[in-house]
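These protein sequence lines are chains A and B, in that order. For the first sequence, the numbering used here begins at 1 and goes up steadily by one. For the second sequence, the numbering used here begins at 1 and goes up steadily by one.
A portion of the hints provided could be inaccurate.
[What the hints assert, rightly or not] Partner residues aside, some chain A positions facing chain B, computed with beta carbon under 8 Å:
1) Arg15
2) Ile41
3) Glu62
4) Asp76
5) Asp80
6) Leu81
7) Val82
8) Thr90
9) Phe104
10) Gly144
11) Leu178
[To be verified] Which stretches of chain A does chain B cover? Using the computed rule of at least three CB atoms under 8 Å from a CB of chain B, they are:
12) 128-140
13) 179-186
Source of the hints: derived by calculation from the structure; they are not laboratory data. Where a beta carbon is used, it is the ideal one built from N, C-alpha and C, also for glycine.
Here are the chains, one letter per residue:
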Amino acid sequence: MTATDTSGPHTSGRRAPLTKAEIAARVAADIPAGSYVNLGIGLPTLVADHLATGRGITLHTENGMLGMGPSPEPDDVDPDLVNAGKIPVTELPGASYFHQADSFAMMRGGHIDVCVLGAFQVSTSGDLANWSTGAPDAVPAVGGAMDLAIGARRTVVMMTLLTKDSRPKLVERCTLPLTGVGCVSRIYTELAVIDVGIDGARVVELFGTTHGELEDMLGLKLGRTR
Amino acid sequence: MSAARFAKSALEALGDVADGATVMIGGFGPAGQPTDLVEALLEQGASGLVVVSNNAGNGDDPLARLIQRGRVAKMVCSFPRQVDSWHFDAAYRSGQVELELVPQGNLAERIRAAGAGIGAFYTPTGFGTPLAEGKEHRRISGVDQVLEYPIHADVALVRADRADGVGNLVYRKTARNFGPIMVTAARRAVVQVREVVPTGALDPEAVVTPGIYVDAVVEIAGSARGATGATEEPA
Chain A
1 MTATDTSGPH
11 TSGRRAPLTK
21 AEIAARVAAD
31 IPAGSYVNLG
41 IGLPTLVADH
51 LATGRGITLH
61 TENGMLGMGP
71 SPEPDDVDPD
81 LVNAGKIPVT
91 ELPGASYFHQ
101 ADSFAMMRGG
111 HIDVCVLGAF
121 QVSTSGDLAN
131 WSTGAPDAVP
141 AVGGAMDLAI
151 GARRTVVMMT
161 LLTKDSRPKL
171 VERCTLPLTG
181 VGCVSRIYTE
191 LAVIDVGIDG
201 ARVVELFGTT
211 HGELEDMLGL
221 KLGRTR
Chain B
1 MSAARFAKSA
11 LEALGDVADG
21 ATVMIGGFGP
31 AGQPTDLVEA
41 LLEQGASGLV
51 VVSNNAGNGD
61 DPLARLIQRG
71 RVAKMVCSFP
81 RQVDSWHFDA
91 AYRSGQVELE
101 LVPQGNLAER
111 IRAAGAGIGA
121 FYTPTGFGTP
131 LAEGKEHRRI
141 SGVDQVLEYP
151 IHADVALVRA
161 DRADGVGNLV
171 YRKTARNFGP
181 IMVTAARRAV
191 VQVREVVPTG
201 ALDPEAVVTP
211 GIYVDAVVEI
221 AGSARGATGA
231 TEEPA
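Start from the sequences, fold in the hints, and give me the full structure.
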């Protein structure tokens with residue numbers, strides 16, 4: 001899938017890395033009006049705060065709802081109305097409910113336009129690792145991650161570019177257990193927006209860093225989008 | 001299936017469950033969990049169970065206690081690990097319970113396939129990942145896909161909002177989740193509802209689960225909204 005950005009490559013005037021809220025706003029800016037969108041658990045949930053009402057964007061939550069609204073006031077919490085992170089949510093006018101098989105058919109059938117996921121690692125070819133840290137004694141859990149990653153028409157990742165101990169999360173080849181192969185088309189991070197896929201990693205936009213600094217930091221050769 | 005039977009208690013609705021039975025339990029976390037029916041299963045005593053459920057218990061809820069008491073031999077689920085899944089975590093680490101980890105969409109579709117009489121299906125989900133290791137795969141329409149088999153059960157335990165006199169069901173909000181597919185995939189479907197209404201009181205256009213799938217119903221007053229008292233956070 002080709003990028004159709006409003007912002008040209010490498011032209012950001014930003015002198016500093018983005019905050020998490022700013023990354024979320026940058027993700028939101030790329031989501032076309034009228035889209036059906038699934039936001040993964042964790043960092044991607046912040047994107048909801050930046051989807052202006054009036055753009056006709058509908059949120060899908062894979063536990064069985066379209067038209068998900070924001071968190072309720074404490075008095076209005078309804079245990080039967082939660083999102084995929086089991087957090088209480090609300091329903092917007094036009095909302096609908098459906099069972100799990102329909103919810104994932106919606107995803108796998110290519111009806112969801114955009115899925116925004118978090119990640120532990122993304123490879124330059126678009127492989128995703130986001131469900132297992134590979135720790136041998138960890139209790140494994142996958143949830144809907146594998147279905148979401150390959151099902152949406154466009155899967156993008158929102159993440160920090162480095163781990164807490166400063167190792168790159170954009171890598172030549174994922175070392176952690178994979179969630180999906182070649183499924184990610186773009187990553188949004190505090191330092192750069194980067195397209196990934198069969199053409200390798202190509203920088204779309206930089207925030208407070210240079211192309212060369214980014215290559216050194218990641219130990220990767222990065223292309224540029226046209 | 002025969003017409004739905006209306007039971008006076010959860011235990012009566014549950015009926016006989018054999019040791020080693022495969023039991024589907026609805027719910028996505030606490031939302032939609034048939035807690036009274038799982039309590040009845042605890043009381044009923046069957047062991048060596050294979051439990052198919054999205055999660056593996058929260059806190060000390062009935063499913064967690066079923067695992068804690070060593071009654072579950074195997075869990076088939078997508079997301080056992082929760083902040084308060086300590087009973088499953090301990091049982092898994094000690095080797096007391098086996099785990100088949102299934103991507104959530106595959107879990108749903110495998111259950112749906114069982115109910116629909118589908119022999120198996122190919123899906124791209126999981127291809128190239130550890131969860132597809134050893135499974136047959138094929139490239140179909142240019143996409144690598146994995147062969148997945150249906151999941152059948154001996155009994156399904158599900159919570160719905162209302163049932164009418166012939167077992168038609170409607171659910172409530174995201175508590176619907178696995179209920180409508182699990183009742184199709186089990187030889188016996190047992191449902192707890194908040195309210196039983198007279199036949200004819202549910203709009204046929206709004207029925208989610210037709211009564212043909214439902215074998216036993218028990219009304220547990222207040223069992224829909226917030227009755228579990230369970231939350232994601234440890235108490």
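Here's how the hints hold up against the structure:
1. Of the supplied interface hints, the one on Arg15(A) is violated, with its beta-carbon coming no nearer than about 39 Å to a beta-carbon of chain B, more than 8 Å.
2. At a threshold of 8 Å, the smallest CB-CB gap from Ile41(A) to chain B is about 10 Å, leaving the interface hint violated.
3. Look at Glu62(A): its Cβ gets to within about 7 Å of chain B, closer than 8 Å, so that hint holds up.
4. Because the closest C-beta pair between Asp76(A) and chain B is about 12 Å apart, greater than 8 Å, the hint is violated.
5. Interface restraint check: Asp80(A) against chain B, minimum CB-CB distance 4 Å, threshold 8 Å, status holds.
6. Contact between Leu81(A) and chain B, as hinted, is supported at the beta carbon level, the nearest pair being about 4 Å apart and thus within 8 Å.
7. Nearest Cβ of chain B to the Cβ of Val82(A): about 5 Å, under the 8 Å cut. The hint holds.
8. Hint status for Thr90(A) relative to chain B: violated, with the closest Cβ pair at about 10 Å, above 8 Å.
9. A distance limit of 8 Å between C-beta atoms decides the matter here; for Phe104(A) the minimum to chain B is near 3 Å, and the interface restraint holds.
10. Proximity of Gly144(A) to chain B holds as hinted, the smallest CB-CB distance being about 4 Å (cut-off 8 Å).
11. Of the supplied interface hints, the one on Leu178(A) holds, with its beta-carbon coming within about 5 Å of a beta-carbon of chain B, less than 8 Å.
12. Taking a C-beta to C-beta cut-off of 8 Å, the stretch 128-140 of chain A contributes 5 residues in contact with chain B, enough for the three needed, and the coverage statement holds.
13. Counting residues of the stretch 179-186 of chain A whose CB lies closer than 8 Å to any CB of chain B gives 3, so the stated coverage by that chain holds, three being the minimum.
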